[in-house]
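*Asks:* Residue numbers (the working numbering), protein chains in the order written: chain A, 1 to 164; chain B, 1001 to 1247; chain C, 2001 to 2567.
Careful: at least some of the hints might be erroneous.
Claimed, not checked - Each computed BS3-like pair below joins lysine-lysine, with the alpha-carbon atoms no more than 25 Å apart:
{"#": "1", "chain 1": "B", "residue 1": "K1208", "chain 2": "B", "residue 2": "K1057"}
{"#": "2", "chain 1": "B", "residue 1": "K1245", "chain 2": "A", "residue 2": "K41"}
{"#": "3", "chain 1": "B", "residue 1": "K1085", "chain 2": "B", "residue 2": "K1245"}
{"#": "4", "chain 1": "C", "residue 1": "K2249", "chain 2": "B", "residue 2": "K1114"}
{"#": "5", "chain 1": "B", "residue 1": "K1107", "chain 2": "A", "residue 2": "K41"}
{"#": "6", "chain 1": "B", "residue 1": "K1208", "chain 2": "A", "residue 2": "K41"}
{"#": "7", "chain 1": "C", "residue 1": "K2428", "chain 2": "C", "residue 2": "K2354"}
Keep in mind the hints are simulated off the structure, nothing from the lab.
Keep in mind the model is a prediction, meaning the values are calculated, not measured.
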Amino acid sequence: MSDAHAHGHADDGAVHVHIASSRFYWGIFGALVLLTIATVKVSYYDFGSMNTVIALLIATMKGSLVAAFFMHLRHDKLFNTIAFLAAFLFLAIFILLTYDDLGQRARVEPDYGSVVDRETGLAAPGGAPATSATVDEVEEEAPHAAGSAAPSAHPAEKPAEKKE
Amino acid sequence: MQHHFDTPEQQFNASKLGMWVFIATEILMFGGLFCAYAIWRAMEPNIFDQAHHFLNKILGASNTVVLLFSSLTAALAVRSAQVGKRNMTTIYLVTTIVCAGIFLVIKWFEYSHKFHLGLLPGHCFGHPWFSATVQNGQEVGTCLRVHADQTSSMPQWVRAIDESGHEQLLPPRANMFFAIYFCMTGLHALHVIVGMSILVWVLYKNLKGTFSPAYFTPVDLGALYWHLVDLVWIYLFPLLYLVGKPE
Amino acid sequence: MAAVDMPHVGAGHHAADSHGDPDAMYLKASHGIRSWLFTLDHKRIGLMYLTMVALAFLVGGVFALLVRLELFSRGKTIIDGETYNRFFTLHGAVMVFLFIIPSVPAALGNFFLPIMIGAKDVAFPRLNLLSFYIYLCGVAILLTSIIMGSVDTGWTFYTPYSVQTTNSVISMTLGVFVLGFSSILTGVNFLVTVHSMRAPGCTWGRMPLFVWGMYATALIQILATPVLAITLLLLCAERFFGIGVFDPKLGGDPVLFQHFFWFYSHPAVYIMIVPGMAINSELIATFSRRAIFGQFAIAMSSLGLAILGFLVWGHHLFVAGMSEFATMLFSALTFLVAIPSGVKVFNWTATIYKGSILWASPMLYGMAFIFLFTIGGLTGLFLGTLSVDVHLTDTYFVVAHFHYVMMGGTVIAFLGGLLYWWPKMTGKWHDEFKAKIGFWFVFVGFNTVFIPQFIMGSRGMPRRYYDYLPQFEIFHRVSTVGSWILAIGLFTTAYTLLEALWKGKPAPRNPWGSAGYEWMTDTPPCLANFHKQPVFTRGPYDYHLATAEELSTGWDEVGGEPGSKKD
Chain A
1 MSDAHAHGHA DDGAVHVHIA SSRFYWGIFG ALVLLTIATV KVSYYDFGSM
51 NTVIALLIAT MKGSLVAAFF MHLRHDKLFN TIAFLAAFLF LAIFILLTYD
101 DLGQRARVEP DYGSVVDRET GLAAPGGAPA TSATVDEVEE EAPHAAGSAA
151 PSAHPAEKPA EKKE
Chain B
1001 MQHHFDTPEQ QFNASKLGMW VFIATEILMF GGLFCAYAIW RAMEPNIFDQ
1051 AHHFLNKILG ASNTVVLLFS SLTAALAVRS AQVGKRNMTT IYLVTTIVCA
1101 GIFLVIKWFE YSHKFHLGLL PGHCFGHPWF SATVQNGQEV GTCLRVHADQ
1151 TSSMPQWVRA IDESGHEQLL PPRANMFFAI YFCMTGLHAL HVIVGMSILV
1201 WVLYKNLKGT FSPAYFTPVD LGALYWHLVD LVWIYLFPLL YLVGKPE
Chain C
2001 MAAVDMPHVG AGHHAADSHG DPDAMYLKAS HGIRSWLFTL DHKRIGLMYL
2051 TMVALAFLVG GVFALLVRLE LFSRGKTIID GETYNRFFTL HGAVMVFLFI
2101 IPSVPAALGN FFLPIMIGAK DVAFPRLNLL SFYIYLCGVA ILLTSIIMGS
2151 VDTGWTFYTP YSVQTTNSVI SMTLGVFVLG FSSILTGVNF LVTVHSMRAP
2201 GCTWGRMPLF VWGMYATALI QILATPVLAI TLLLLCAERF FGIGVFDPKL
2251 GGDPVLFQHF FWFYSHPAVY IMIVPGMAIN SELIATFSRR AIFGQFAIAM
2301 SSLGLAILGF LVWGHHLFVA GMSEFATMLF SALTFLVAIP SGVKVFNWTA
2351 TIYKGSILWA SPMLYGMAFI FLFTIGGLTG LFLGTLSVDV HLTDTYFVVA
2401 HFHYVMMGGT VIAFLGGLLY WWPKMTGKWH DEFKAKIGFW FVFVGFNTVF
2451 IPQFIMGSRG MPRRYYDYLP QFEIFHRVST VGSWILAIGL FTTAYTLLEA
2501 LWKGKPAPRN PWGSAGYEWM TDTPPCLANF HKQPVFTRGP YDYHLATAEE
2551 LSTGWDEVGG EPGSKKD
């Protein structure tokens, strides 16, 4: 299997990798379990909008441990890390630029699908009013969605654009 | 070594890079679902908050630990292969595969409970055809149908007991949460199955004695794939089970 | 002799029939049908791809001709409206997914990328073969769906229509899904090949621009195609289970489908055009017999296109009901794409300037590429302008713009590349006169088809319509006649290439006098591409450093080529 045709490499062309001890891997596993317990514990407290941030932060710490040590990125070629992180970069582009559309439209009222103004919470022009339907009215309420493309009363605001 | 490489090192590095690039594609494939998740969560935070109480944190956390442990054994399998302990590699690989099986079994229980409650994506949300109101002699959930129209294909209101024992009334639009839940965990489960198959193949090769400290690339790549499965779950678990307002 | 240098250690790892004498010409290294079906040689896989891609081009072209013929006169000409819808969908789907995406990378790229970096093969030959069979699988599924009733959604499968329509959307999307996998595998393979298989002396700075283009394409294939996969899976889930992600009645959003789809498909148009630019850089340098102007800038502009391509997909959604903020953002970002495109066009022009131009048939295509791509690119700026786009969306203007970039860009470059490399691939010399005749028919025909479409588009003729108003009849007629001229040109070119196979004289090693690495080896190349491990001591466009022997006969590898390794 070996041959002396190595070019440009300082070494003998054989595979050399960093080998960590078993104890080290168990240590990482311990840290991962602790973080899992932490994230579950934390979820019983309400930090408002920070809930998601904290959960994602802990998840990222866990993910980094897995990637760096279980997946050997710490001792691997730099480009492998770049390839791995590039995926997240493009994922971020994907989510952010999609969100700049859907997040910027008039919001859809959760229960009934009607369109409400993001700022005021009132029924948006062109959208059906967000009534407080009872369970009995559900059958009529559920399928409807707002009509689209009606002229907006607030020129600065987006017109209701929920499309059927 | 294959003929077109100059050195085993070149081949090893090429294979690793190939696997990492493939992992990047997998992340972007899941990325579509994460994007959908982010958008609906931002648009309908209350629905997500209400619906996520129907996911069992304890089962989710157990599954997380099971997967983390399988990741550990996968990493240890690679280590054993690197130092040439073939029998240890076998033991660790088998452990990993068994853990994958345990994960799927737990997932199965979670899925079937959702089916019983009628908590399904889209048209099936609250559809009585799926839902059993009584499970183990206890009333767990009811699909609220106003008209006797059993053929309606629209999602329905669901009144059901969530995982903390509270009775909740879920609006039809909560189907989106479960659509995303089933898509994400379903695609992940698919990856678990694929990962298991890869590890079984690696195990077979190991039993045949293919690997040595000079050549262990398939063990390494198989483990990398398995870590990816773990990595995705590390994010799925908090995003689906934990995020939201606590009781 | 040279073979001593080759480490043939891996023989046992291969199927016996894919293995052959590395110094034998690749077509003669092994024989029989099995030597093709199980080949791991990137050159043979490239040829198999080329055959399939050419067939797909033929099929897609026939659909295009039928669509054009139907539009020759108002009302029904040859087919009814439903069939017409299916035909233009199939023209789009076949051309995009079966022809143009695999055309340059999988066919020409497979053949030349390893040679141009001095490698013996791509990094993962078995994956390469697998990707070809996955491609065949995708073709088979697509054909099944055509037989099972076909699809009339357009190649974009927009929801909600694609969820509601009764025809075989699922099998069509599954076919595209499978083709996507083939594309990903090719991308992964090329990226790793470029990273780990370059010959000594083939630094990033010396890497040929064709390889840079393939590298940028591979990046896009890797980063964008998975999103298409998940999009199509969601579409299938939507149809099977009604999960509602794209259904507003269930709380979903149909515009989200367009976001998902174009996050892939806009970068995918760079999968289509960047390889065309890559070929063109080679053509312009060789036939101007000059070091290409701004080699680094062109290389970086390929990467720039690859990355910017991910930021602009929203310009396909300007009138789809997107938020105003997003439309403005995407419109602004879209203009950025003009920068790397402009860098390329200006650098090509600067290369030609005071060059020693050889008016061979590939150079005609190279020149046409610059001309047509510039038109296509600039009309793209009209469409990227928000206010203009509202008027032009879904008109023939878009159709003409797209075809100027895709056909006037990629297909022209593909034809140029075929003629350029045909002697190297087959060892046969084609008839230059016929090739030039073919070129002029293609060039004139192409413009005759699409210039009228620009005009009627700007006057409001909507695309995809079966019928039209009387004032558009003259444009449609001219356009249809143009399609016949174009077809004559393409058939002439195809005939020229095929004729060379059985009537052509043996081609010399370096017929065009190029300094490019791929011309330094045998014609056609041997199984291992080079007899000895090549060591590149100059760049692929360094005409001032290349010796007269190199520019006429390449490297004399048996006698020891310049810079040959001594170990």
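*Asks:* Each of the hints needs a verdict: does it hold here or not?
*Replies:* Cross-check of the supplied hints:
Using a Cα cut-off of 25 Å, the hinted pair B/K1208 and B/K1057 is violated, with the two alpha carbons roughly 41 Å apart. Taking the CA atoms of B/K1245 and A/K41, the gap is near 13 Å; set against the 25 Å cutoff, the hint holds. Only pairs whose Cα atoms come within 25 Å are accepted, and B/K1085 paired with B/K1245 is rejected, the gap being roughly 49 Å. Annotation: proposed proximity of C/K2249 to B/K1114 holds, straight-line Cα distance about 22 Å (limit 25 Å).
The suggested pairing of B/K1107 with A/K41 holds, with an alpha-carbon distance near 22 Å, which does not exceed 25 Å. The straight-line distance between the Cα atoms of B/K1208 and A/K41 is roughly 45 Å, outside the 25 Å bound, and the hint therefore fails. Using a Cα cut-off of 25 Å, the hinted pair C/K2428 and C/K2354 is violated, with the two alpha carbons roughly 31 Å apart.
This entry does not satisfy hints 1, 3, 6, 7, going by the numbered hints stated previously.
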